[in-house]
Amino acid sequence: MSDRAMAANVAVPETVGDYLTHVFAVADAEIRKLRHDPWEVFSRAVQPLLWLVLFGEVMARVRGITSGNERYLDFLAPGILAQSVLFVSIFYGISAIWERDLGVLHRYMVSPAPRSALVLGKALSSGVRALTQALMVYLCAYVLGVQLDISPIHVAIVVLLIALGSGLFSTFSLIIACIVITRERFMGIGQVLTMPIFFASNAIYPIALMPGWLKAIASANPLTYEVDGLRAMMLAGGQSVFGLGIDFLALIVAFAVFVAIATLMYPRLTR
Amino acid sequence: MPSAVVETENLTRQFGHVAAVNGVTFTVEAGEIFGLIGPNGAGKSTLIKMLTTMLPPSSGRALVAGFDVAKAPEQVRKHIGYVPQLLSSDRELTGYENLLLSARLYLIPRAERQKRIEDALAMMGLGAVRDRMVRDYSGGMLRRLEIAQSMLHRPAILFMDEPTVGLDPGGRFTVWEHVRALNRDLGSAVVLTTHYMDEAEELCHRVAVIQGGRLRAIGTPKELTAKYAPGATLDAVYRALTETEGSIP
Chain R
1 MSDRAMAANV AVPETVGDYL THVFAVADAE IRKLRHDPWE VFSRAVQPLL
51 WLVLFGEVMA RVRGITSGNE RYLDFLAPGI LAQSVLFVSI FYGISAIWER
101 DLGVLHRYMV SPAPRSALVL GKALSSGVRA LTQALMVYLC AYVLGVQLDI
151 SPIHVAIVVL LIALGSGLFS TFSLIIACIV ITRERFMGIG QVLTMPIFFA
201 SNAIYPIALM PGWLKAIASA NPLTYEVDGL RAMMLAGGQS VFGLGIDFLA
251 LIVAFAVFVA IATLMYPRLT R
Chain V
1 MPSAVVETEN LTRQFGHVAA VNGVTFTVEA GEIFGLIGPN GAGKSTLIKM
51 LTTMLPPSSG RALVAGFDVA KAPEQVRKHI GYVPQLLSSD RELTGYENLL
101 LSARLYLIPR AERQKRIEDA LAMMGLGAVR DRMVRDYSGG MLRRLEIAQS
151 MLHRPAILFM DEPTVGLDPG GRFTVWEHVR ALNRDLGSAV VLTTHYMDEA
201 EELCHRVAVI QGGRLRAIGT PKELTAKYAP GATLDAVYRA LTETEGSIP
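Chains R and V are the protein sequences, given in the same order.
Okay, so the first sequence: first residue is 1 according to the numbering used here, each after it adds one.
Okay, so the second sequence: first residue is 1 according to the numbering used here, each after it adds one.
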């Protein structure tokens, strides 16, 4: 081996600017694809609307889900927003499998972009995608008479919460994709995962109503913290149960753990 | 003195008990067009995957552009281009957007990006279709876009996995011309796998025959024919080296 190679066989970390260029390159490509074919985003906005209108209007007549004078629809709207973001993000991994089957992923894997930058770029694009969902839920909630808080700072925090939630679940989905590798298996697992994540959370009923064992699961579920933060920021006079700081902390920790795992597992897809 | 851009030493990859690549040692010199030939399942793709850092070797060693694929994969990736057998362009983006993505992934400075992209489009004859979605490209256009993407950062070495599979004769000829031009004008070494013996004979300075994960022969097409099938073509060499006894000729 030459001296040159000996000297250079040391990993040199990228500068922050280069790293961000890599993250942005991946996210930008995804967002351009969305712009070429925006139909998908709108079709996906239908489901949360149905939940609010059909489920929400009926459940609003059930006494005892929410306390005192809180309207159930107000309680439900942030939960449905988080749910719609979850449902879109959790199937994100299928696009990674799709890219693998087509060969697009190989191009990313032989490029000098660090794996973590690829994972973060995908997560970021998923967050941008989720924002269109938020817009639809806000509009629908407004029409249904939900008391929304539209102060710019609170809306900005909602955007952050949604981007984090979406990034988190899309990265979780990527990890699943790296484990199962085929589309068929992924579809099965995706269906199985969404239900417990959704129902073992505070999205459509408060944790206080749950039996102890379910409370414990819900408290470890990142979706619970996303919904809790959204309730505080999205609704006029909204209250957080855990406190916004705890909500963000829980989401950031979960996101960081998922990104770390996905970074290690992503290259498995092209082996 | 030419320096080696690829140097392997007993390079091996096991999948369970099967060695897909088994103790392969060879070198590719700078500026060379090097062909890997062998039947399906011979280990060509596994070898390329190791050299492009997608698959870690089980044992042995490989230096690419002077860097160890196992110890400094990030450094290797900066110096290589790769045209996979499966096409890697994103069909939901335009040709231009695909090149922009590559330019960013390879950290081509912002000031140079546009010029490099325009040059690559012009060189590959894709200027007229730059803003068309890649899903509407013909097979030949796709291959040329792939080559443009993989060469944008002027790599020291370009890996191509069956670069002309499925193309009509005109398309194949065009790809050959482009590979030669890149090799000549940018000085990039090229390592390609192929099933077409005329391609290997026509395009490659040297050829390695691989079968059962092992290197069976290596040399210029002329050297190989002289040694294994005097007076015949590379086709005869290939058959002599890869066919086991009892198989139907």
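Because the hints were derived from the structure by calculation, they are not lab data.
Keep in mind it's a predicted model, so treat the numbers as computed, not measured.
Backbone N, C-alpha and C fix where the C-beta goes; we use that ideal spot for every residue, glycine too.
Take these hints with a grain of salt, some might be off.
[Said to hold, decoys possible] The list that follows gives simulated cross-link-like pairs (lysine to aspartate or glutamate, EDC-like), each with its CA atoms no further than 20 Å apart:
#1 71(V) to 14(R)
#2 33(R) to 9(V)
#3 71(V) to 131(V)
#4 33(R) to 92(V)
#5 78(V) to 14(R)
#6 78(V) to 29(V)
#7 33(R) to 32(V)
#8 78(V) to 184(R)
#9 222(V) to 201(V)
#10 222(V) to 198(V)
#11 222(V) to 235(V)
#12 227(V) to 185(V)
[Claimed, not checked] Over the 12 Å line for every Cβ pair with chain V, so calculated as not near, a few chain R residues:
#13 72
#14 104
#15 106
#16 110
#17 118
#18 208
Comparing the hints with the structure gives:
1. 71(V) to 14(R): Holds, at about 17 Å.
2. 33(R) to 9(V): Violated, at roughly 43 Å.
3. 71(V) to 131(V): Violated - the C-alpha atoms of residue 131(V) and residue 71(V) are around 40 Å apart, more than 20 Å.
4. 33(R) to 92(V): 6 Å, holds
5. 78(V) to 14(R): Answer holds: residue 78(V) to residue 14(R) is near 12 Å, not above 20 Å.
6. 78(V) to 29(V): The hint holds at about 18 Å.
7. 33(R) to 32(V): 38 Å, violated
8. 78(V) to 184(R): 35 Å, violated
9. 222(V) to 201(V): Holds, because 8 Å separates the two Cα atoms, which is no more than 20 Å.
10. 222(V) to 198(V): Roughly 13 Å separates the two Cα atoms, so the pair holds.
11. 222(V) to 235(V): Distance ~12 Å between residue 222(V) and residue 235(V) Cα, so the pair holds.
12. 227(V) to 185(V): Not satisfied, since the Cα-Cα distance of roughly 33 Å exceeds 20 Å.
13. 72: Consistent with the label, residue 72(R) stays out of reach of chain V, its closest Cβ about 41 Å off (over 12 Å).
14. 104: 5 Å, violated
15. 106: 5 Å, violated
16. 110: Its Cβ does come within 12 Å of chain V, the nearest being 4 Å, so this is violated.
17. 118: 9 Å, violated
18. 208: About 46 Å separates residue 208(R) from the closest Cβ of chain V, which puts it past 12 Å; holds.
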